[in-house]
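Protein chains in written order, with our numbering: chain A, 1 to 183; chain B, 184 to 448.
One or more of the hints may lead you astray.
No more than 30 Å apart at the CA atoms, straight line, and that leaves these computed lysine-lysine pairs for DSS-like [to be verified]:
id	chain 1	residue 1	chain 2	residue 2
1	A	95	B	355
2	A	104	B	432
3	A	95	B	354
4	B	319	B	355
5	B	244	B	432
6	B	296	B	233
7	A	104	B	408
8	A	146	B	408
9	B	306	B	233
10	B	244	A	146
11	A	146	B	296
12	B	286	A	146
13	B	296	B	355
These are computed hints drawn from the structure, not numbers from a lab.
Each chain, written out:
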Amino acid sequence: MFRIYMGSILSSTEFTKFDLGITSDRTLSTIGRWLKVDENGIVFDDSNFNIFQRRWRVPVTLDELFFESSNLKIGTLYNDELRMRDLLLRITEFKIDLIVGYLKSQSYNPYELIASGWGCAQTTGIPTIIVNVTPPENVNYSFFLKMTEFTDGMIVLSDRYTMVTFSAEKKEYTQNNKGQAEK
Amino acid sequence: MIFGKISNVFRSFFLKRKANAFLDRPVIEPDVFEYVGVIQFQHQNFKNSKDFHTKILSLVKVAKMEGSQLVLFPAGMNMELYSVPEESLSRNQISKIEDECLKVFSNVASIEKIYVGYADLVKGMKIYHFINSNGKSVEGNIFTIYNVKVAFMDDEIDEDVDLILNPCLTKKWAGDYESFGHAWLYSQQKYSYSMESYMVGDHFTGQSGIYAPIEATESMSGIIKQTQSKILEETLVAKIDCSILGMVKRKKSVKDEYARLLENK
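Taking the hints into account, I'd like the entire structure generated from these sequences.
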């Protein structure tokens, strides 16, 4: 089971133990594994060692989109890429466990989040986390899954910080709020 | 008395003039494709194709009166003419029913001078039908109405189309957000308009709609019109503007930049 925290590094102190943190902060974090996502690109930071970096540009090869850490293969997507059906369909060939996307919006629009994040999860079948940035400096996090008979796939639509757990093998996912995470 | 006679003369003169004006007026075909209609169809096994024809014609007339130039019906329209379950029918009988169904839709399309899309459902497979305003069934994957490119929803279509048609049978509900399924999502990912039609009633449920990319709707929701009910028959008619779509597509022309990446295998 992977425990993924999404939010600022400062708020992460409210949670105990998580396998991966996803944040838009670029501040130093000497403890833990962090995916730091902002308007320049995405950096995978393992206790202050940068292991993976993708700058936001059109990739030359599809391999540039992916990296692997702790048996978790993660795909990284930027703005329009989240709605490019042809690209999303190609990604399914790469056996990805999780997609992390950056979405810059003019204002908060749940439909845009659903189109980009939920749409990505439906097309690829891969759990999708969206880091949504709106002016002036608001950051919200979303977590979507492929819908099944029992879930519509909207696990977290827009939270400032939260934690989700999922099993990449069993494909079971839950959301824990702060209270549950601390138990 | 005299006043009454004069008033009658005037009245008959104006009535005649009005009638003549109505009769003499040439039928003006619109020169742009603007209005589309979706029928959320109430399932009811018809006893004969005449009753089926009457029903289809009445629904199309309503959509046409609201200005619709293209009408989409759901998938499984052939099943409306089944007298016994599909398993009990031979391939030949199924084929005959398909032909009968196509005849009905072709006739209605030619009477009302309207484009019609629908799908038959045979052993779980959709068989799409697109009929032009002369009542002729059109073959192929992409159809052109004036300058608007129309296609049924299919991942195999590489070409950019303006309007996607998705005739469906039924939908299972996992939550409120499933309203955003299928055609709505396709509109967001292909930057095209889309129409989705469901069969309702009996054990069928669905929520039909007319959708656009979120950037092409004032509400930024991507929903132009959606049926109120998931179980009752409804007709939706909405205006689409493909010039807006053109602007949205140009804005999103990043796809071209990724073309080479997607070609590399």
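Against the structure, the hints:
1. A/95 x B/355: holds (28 Å)
2. A/104 x B/432: holds (19 Å)
3. A/95 x B/354: Roughly 29 Å between the alpha carbons, so the hint for residue 95 of chain A and residue 354 of chain B holds.
4. B/319 x B/355: Measuring from Cα to Cα gives roughly 34 Å; hence the hint is violated.
5. B/244 x B/432: violated (34 Å)
6. B/296 x B/233: Judged against 30 Å, a Cα distance of about 20 Å means the pair holds.
7. A/104 x B/408: holds (27 Å)
8. A/146 x B/408: holds (25 Å)
9. B/306 x B/233: holds (25 Å)
10. B/244 x A/146: violated (40 Å)
11. A/146 x B/296: Distance ~42 Å between residue 146 of chain A and residue 296 of chain B Cα, so the pair is violated.
12. B/286 x A/146: Violated. Residue 286 of chain B to residue 146 of chain A sits at ~40 Å, over the 30 Å cutoff.
13. B/296 x B/355: violated (35 Å)
The structure fails to meet hints 4, 5, 10, 11, 12, 13 from the earlier list, while all remaining hints are met.
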